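Novice: Construct the complete structure from the given sequences, taking the supplied hints into account.
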Amino acid sequence: MTQKNRLPEGGRIDRTRPLGFLFNGRRYTGFAGDTLASALLANDVHFVGRSFKYHRKRGILGSGAEEPNALVQLELGGRTEPNARATQVDLYEGLIASSQNCWPTLEADLGAANSLLSRIYPAGFYYKTFMWPPSFWMTYERFIRRAAGLGRPPREPDPDRYEKAWRHCDVLVVGAGPAGIAAALAAGRSGARVILVDEQAELGGSLLSRKGAIDGAPATHWLDTALGELRSLPEVMVLPRTTAYGYYDHNMIGLIERIGDHRGGSNGGVPRQRLWHVRAKQVVLATGAIERPLVFSDNDRPGILLASAIETYVNRYAVAAGRRGVIVTGNDTGYGAALALAGAGTAVTVVDLRTEPTGPQHETARARGMEILAGHTVARTFGNGRVTGVEVMPMTADGEGVVGSGRRIECDLVGMSGGWSPTVHLYSQSGGKLRYDEALAAFVPGNFRSGQHLAGAVRGSFGLGAALSEGFAAGAAAAEAAGFRAAAAPVPAVEGYEPAPQRMLWVLPSSKPLGHGGKNFVDFQNDVTAADLKLAVREGYRSVEHVKRYTTTGMGTDQGKTSNINALAILSETVGAAIPAVGTTTFRPPYTPVTVGAFASRDLGDLLDPIRRTPTHGWAEKVGAPFENVGQWKRTWYFPKAGETMHAAVNREVKAARTSIGIVDASTLGKIDIQGPDAVKLLNWVYTNAWDNLAIGRSRYGLMLDENGMVFDDGVTTRIGENHYHMTTTTSGAPRVLAWMEEWLQCEWPHYRVFLTSVTEQWATIGVAGPNARKLISELTQDIALEDESFPFMSMKEGHVAGIPARVFRISFTGELSYEINVPTSYGLALWQALMTAGEKYEITPYGTEAMHVLRAEKGYIIVGQDTDGTVTPGDLGMDWIVSKKKPDFLGKRSLARADTRRDDRKHLVGLLTQNPSEAIPEGAQIVGELKPRPPMKMLGHVTSSYYSPNVGRSIALALIEGGRARIGQELHAALPDRNIRVTVTEPRFFDLEGTRVNG
Amino acid sequence: MPAKTRYSIFSLVRNAFSYHENWEEAWRSPEPRPEYDVIIVGGGGHGLATAYYLAKEHGITNVAVLEKGWIGGGNTGRNTTVVRSNYLWDESAHLYEHALKLWEGLSQELNFNVMFSQRGLLNLAHSPHEMRGLARRVYALNLNGIDSELLNLEQVRAMCPILNFSPKARYPIYGASLQRRGGVARHDAVAWGYARGADARGVDIIQNCEVTGFQISNGKVHGVETTRGTIRANKVGVVAAGHSSVLADLAGFRLPIQSHPLQAAVSEPVKPILDTVVMSGAVHVYVSQSDKGELVLGAGIDSYNSYSQRGSPKVVEDMFGALVELFPIFSRLKVLRTWGGIVDVCPDASPIIGRTPVEGLYFNCGWGTGGFKATPSSGWVFAHTIANDRPHPLNEAFGLERFSSGHLIDEHGAAAVAH
Amino acid sequence: MLLIPCPFCGPRDESEFGCGGEAHIARPTDTDRLSDADWAAYLFMRKNPKGVHLERWVHRLGCRRWFNLARSTVSHEILAVYKMGDPPPASVAGQEARRT
Amino acid sequence: MVEPYLRQSALVHRGLSRAAAGAMSGAGIVLSERPFRAMVNLRGEASDAGFLSAVRAAAGVELPLQPNTTQRAAPVTALWLGPDEWLITAPAGEERVLVPALRASFGERHAAVIDLTESRTVIAVSGAHARDLLAKGCTLDLHPRAFPVGACAQTGLARAGALLHLVDEAPTFEITILRSFADYMWVWLADAAQEYGVALRTE
Ligand SMILES: Cc1cc2nc3c(=O)[nH]c(=O)nc-3n(C[C@H](O)[C@H](O)[C@H](O)COP(=O)(O)OP(=O)(O)OC[C@H]3O[C@@H](n4cnc5c(N)ncnc54)[C@H](O)[C@@H]3O)c2cc1C
Ligand SMILES: NC(=O)c1ccc[n+]([C@@H]2O[C@H](COP(=O)([O-])OP(=O)(O)OC[C@H]3O[C@@H](n4cnc5c(N)ncnc54)[C@H](O)[C@@H]3O)[C@@H](O)[C@H]2O)c1
Ligand SMILES: Cc1cc2nc3c(=O)[nH]c(=O)nc-3n(C[C@H](O)[C@H](O)[C@H](O)COP(=O)(O)O)c2cc1C
Ligand SMILES: [Zn+2]
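If you read the sequences in order, they're chains A, B, C and D. If you read the first sequence in the numbering used here, its first letter stands for residue 15, the second for the next number, and so on. If you read the second sequence in the numbering used here, its first letter stands for residue 231, the second for the next number, and so on. If you read the third sequence in the numbering used here, its first letter stands for residue 48, the second for the next number, and so on. If you read the fourth sequence in the numbering used here, its first letter stands for residue 851, the second for the next number, and so on.
Note that these hints are calculated values from the structure, not bench results. Please note: incorrect hints may appear among the correct ones.
Far from chain A, some chain B residues (derived; all Cβ distances over 10 Å) [what the hints assert, rightly or not]:
# : residue
1 : G289
2 : N341
3 : T457
Quick list of simulated restraints, FRET-style, between CB atoms [to be verified]:
# : chain 1 : residue 1 : chain 2 : residue 2 : range
4 : A       : T659      : B       : R387      : 22 to 32 Å
5 : B       : P397      : A       : P991      : 38 to 48 Å
6 : B       : P397      : D       : A1020     : 35 to 45 Å
Keep in mind it's a predicted model, so treat the numbers as computed, not measured. C-beta atoms are modelled at their ideal positions from N, C-alpha and C, and glycine is treated no differently.
Specialist: This is the structure in structure tokens:
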């Protein structure tokens, strides 16, 4: 029958909503409110997976975030998800899951052969072998890789959406157990903005798992009322299925909300998950505690669970996971499971490590006549797969050995409780220091940071009464600290569980030495045993961090939630140091694994990085021009005609600019408005040349250096008024140059009276170049005289072009007669179209960045970032002429005087001509003086720019060559992997050597 | 010094019979002696390798490695393990290539499997401009006799078909450079293997021993103050990575170094899916898959100084964004752990290895985001420098003097992806 | 994720800011007469303390103003914020070398 | 003056008016472009009473001195941008009046007037989910207690810089961004708004 372990009544599942699901190809049924784990247990499915290293059979161990074993492959195709924790997967209709790390099937897994050889695979064995023959490592490794890994990665892109958002609040409460809910109530009632989150589908934490009474009624009544009140408070936001995964600086907490997962499949526009960045004035951590397993021989068989999990399955999910139970515990909480099982009709024996057990639940169990074996241990377990029995033995008084003979108890369910560890992960991430509490045998928060409050089990306060009173107090204190007045609230009266003294035995004794019989697992996921830990210590790996890394304890997908404390306690015993001296490993985000896609959210594809568009973008798109990325801008690369190759298009564009007219959108050039009486002082600092005598209306080219003396930007600056300049920069350098000048102004020369403003986007810039440029523009303007005398090279005029108010600059990046027309950006396309129409008779030709690069290279003009790379001085570029000898100082000046920057044999910018005029050297090619049959060869420099130039009628190249200027005329070689190209060193100029063409 | 048992499959089987109860320590934990010939400050991979080569290559065995925490716990233990030698300038190419050659025999030399896996390493280019930069580097490497290839789009596809090859991508892939001999190694094993090798040659490895001051008179070093007392030595080599400035401060000088957080992350382990190392500068991320199955990925540095071994979540989130952009199928994998290290960043993205203003005091630092790959040669040349009181030709260019002379070795291009 | 108190706009998320590194590094005057080593010290050598760091930041996406911050490089706690050109407040001035 | 029809808004290629026709009702978000608004950047000393009165005289508005606030004197609005920086906005075309008037009233004073009308555009985000939408890309606290009507802030939105201004209780946020980013911002907003339902409006 189905749901064999489902109890006829009780639990918080919705029996009116049965849900079908597939596990390893078999159909099962559960109910709404189930997790995959509870539904499997309801159907008596315990054996769900294989362990990482030995492929041992593993069952469900826990009931929540701590689960190390029950990892499944969820769903198929693009929605498949490896390593889903069955205890945290909410059941939905049609869910498909399967076991991982087993082949061909879970039952008949070939990898299980590893188990047979497990004796020669202790911790760290791989560091000791697979070294011979050396060439075999890659082969060994292939097998190791296949054996490792757990689930299978998806092979298709993710069909789901993820969102990310920021949120601010006065009080963030993490954990909605009794402590967290009380805190949220206290804070919420004050009017503060409160966010309450819990990773589980249902709020309530331990109240859902444990029987207890508040104010004389079942605790769940209090829970319902409290949640009702919270939901009615307008400034309180309650987020179930939301994990606080990271606690970052200054109270920034990362949350991951699972919105769509429990619905299965797609949900229209609804995102699958949402990542929240919460900036909280105050944080209350009420994250509870996690139960520890006990370490005994073969403690990993399916059917062996945490005691609290058994209790949770009975009380919350109405599942009694077995018919005959044994509970092994060193404390009173383990009895909770025993009583729950007994209540469900399962026969139970309690093996209590304590010689004189106490505690209210123990008393109840004894009163009910339950079999209790005090001072006993579980020496080993039986079963091939699911546990079928345990051997129990009396212990010596010190708990280190066994006495007498063992007794076998047949059972199909074992619960273990090794005490509780407060869930201090977030607290520790925030920088909190831990303190070891001997009585609890646990690390608890040791100090209280400002802006942070703790309540309940996370503090080691394990009683329900304490959880509530601390919760109310923490919530009120947090609200007060955030500036609200919290009225004192009566703390409800509680009956129920209060803790009793426990006994900690970190490894249970048995009749055989450790490691000789079965395996005593500490880290279930990574198959780390107590013997492995001791081996690590024996080999000198004594620091807790070394033990972690050598054995991989705590490095699995559960991050050691159930294993870390046991491991370090065993370590402490082995090295003979106290537990606090051994310390813990570092808690790191995320608390539980977070989907990569949620971190990425929607900033992908076109939204990965903003696309910046110029005014002619749409026009260029329509004519089919491809774009090039320049910084965030899209710039038109070239304008192919139908069927034309890039090469042909660029050749055509380059020729047009020199024979008639080329037109280019140069709007992306950086533009900075500089105003103020000290503007010229600033210019004198940032440029290498002098700026004192520039007349209004005139322009000048400048080179900028960083303080290390290296070229970092260039451009033309124009004086447009008495104290008013218009600076241009390279496209990609624009933000950097403005930031650089602002930094100097504000930090070094705050007394300068200068204002800098980016006006890059205020102006669309259309460049018109070529012998017919003047003619064309004169047809479109009435108020700008274009003759040389009134409008010489390197000057600017204001007026109208095509009826649009314009600033026209007569400057040239092509060496041709050329004008850069700046108009208000919203008229940029209008100007472009006016020019195109009027220019038809000149066969005006739009050109893109590629042609622009060829044109400037023909003239030997540099492109910063292409012909320079941050290691090039003005002298290297042969541009000493632009470095003022007279100015007392400018940025970078002193660096030019250092030994290395003064050397004659630095790399100089030169031209290179190939022997074969039609062959272009690949850019980046290295130049050598002397060819050798094989490397190494001494390199002299490299090719920075290289093109075929239709205007020169041959290929041309610029290169940075050691002592290059002295080599002009020399023959060198571009040494490529597949060929060598003979080249001759020339001046870095190839066209219009006299420079007369700028005058038309 | 008892000779160490050789590690092999045979010793594993033999020890299995005695339940592995007879393995000896990989290294001893001795009390510090009052005096050594050489003290190495910092028990990371570089410090341990230095000690190992001092003993092995120079016969100097009276050496102590002082480590403030646990060996390998600094950047050695928290890096993304990318090993390659594809650097631009001759000086760096030679230094890193020397390391790569040592890597190729390291497991056998140390008799400790450092799992050096030459699975090849792709540097993606997302624009013609980036292609040009890669070409320049590849051609230079070839002429230095170092393996490196330029791949076109189809070749990249063949090597790593799960990348996003859409021409409509915001930053579409144009091609890549490939260094086949590049790959990854097991970071922890490198520290442990060198430690075991050094210990076997007599070096004292002293953990939980923080250097808190230097004994300096007349411009010469005579020893160090530590949390475990004064220890004398006339030669002290400091290899403290992110803490280099702190130690320089104790010795009375400054370094051109800034300590920044650098973050990394692993995904949950999955079956093999990525067989090579992939790095992208424009879509900033680099990723490989470890032998345990996790994706190991690294981010860029945080902009501000920090000694906290953690960084801003924004930086890692951007890294995951970049990962999904490049590998859309990784979206549903889950992030298991994120962490940070403190990297010692030099203005020219190249290390400093050599003498200091204090006689007998040597510094090896400034490896920033990329020194793991150099561990063997860094130790090798540093040992030479300490033993001979002058640099080996391989590290001559990497002295502190370059900051005054201006002869910087600008490797920002090769180190554009922090690793 | 730092919450940085811009002295002009108020507390804002770290992502709005740019960090300019060590504060109070005045550019030397008369650089021609400076030795190479002194110039290198200005250009490259940094305190890089483990503890309180005086540094300058710019509110890049906000008011675009530069200001100074005293921040622990260990805990990331922000101890003071003060305007460009002002000396560090007395509360942090002495602590710069302090290791935390 | 040039024909106004030649003037193109930053989002003209999106054909917003056409798209707005098919607007859905009950959408949680309404998006629109508010193009061509006059925008004049002012620099000057807040402590200089003469500067403040010069602005008052020329633009008829009091400069806000409280960070992140605005002053409105219809049809002009002054937005606080920084300790020595403000943005004066006004209906389309007003920049032609404002700029010369401000320049003239400043005279020799060390203050600057920079016309940025063409540099930027405004996207308005309105509707019940406007705050939720912006919270997807903005680190600011936009809760009414922290960001009331009239508040403004320069900040980051998605991956661009932006100036936010809450103009009414609807709530309607005006987002002023660089023109070249307009398309990016539009696409980002429309995509982010999907889960709430989006309608377009032309202004
Ligand atoms: C996230 C991350 C990713 C990286 N990825 C790569 C990569 O893929 N490839 C690559 O090549 N490199 C990478 N690196 C860089 C690389 O890790 C380092 O360059 C390299 O490991 C440095 O080694 P080390 O031995 O010098 O330093 P460390 O390993 O940091 O060792 C320095 C040691 O000095 C100790 N110490 C400090 N102060 C004192 C003191 N006062 N007294 C005693 N001891 C002291 C420290 O505790 C530490 O153990 C990465 C770094 C990080 C943080
Ligand atoms: N030793 C013991 O006896 C013992 C131990 C533990 C708990 N308890 C009982 O537990 C109660 C204590 O209440 P409490 O409120 O402190 O704890 P709790 O366990 O009831 O609640 C903690 C809640 O926090 C959630 N949580 C933890 N980390 C989270 C994260 N990072 N993000 C989101 N949610 C997270 C958990 O899922 C859980 O719902 C008392 O009733 C007490 O009796 C007793
Ligand atoms: C290459 C590499 C792989 C790692 N793999 C894992 C892993 O599988 N599981 C894990 O928990 N941590 C893994 N880590 C991270 C370590 O647990 C740890 O976070 C890191 O060494 C930094 O140390 P710390 O977090 O203790 O400060 C890995 C680290 C590195 C460098
Ligand atoms: Zn500000």
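Novice: All hints are to be evaluated individually against the structure, with a verdict given for each.
Specialist: Tested hints:
no., hint, in the structure
1, G289, "holds, 25 Å"
2, N341, "violated, 7 Å"
3, T457, "holds, 15 Å"
4, A/T659 <-> B/R387: 22 to 32 Å, "holds, 23 Å"
5, B/P397 <-> A/P991: 38 to 48 Å, "violated, 27 Å"
6, B/P397 <-> D/A1020: 35 to 45 Å, "holds, 42 Å"
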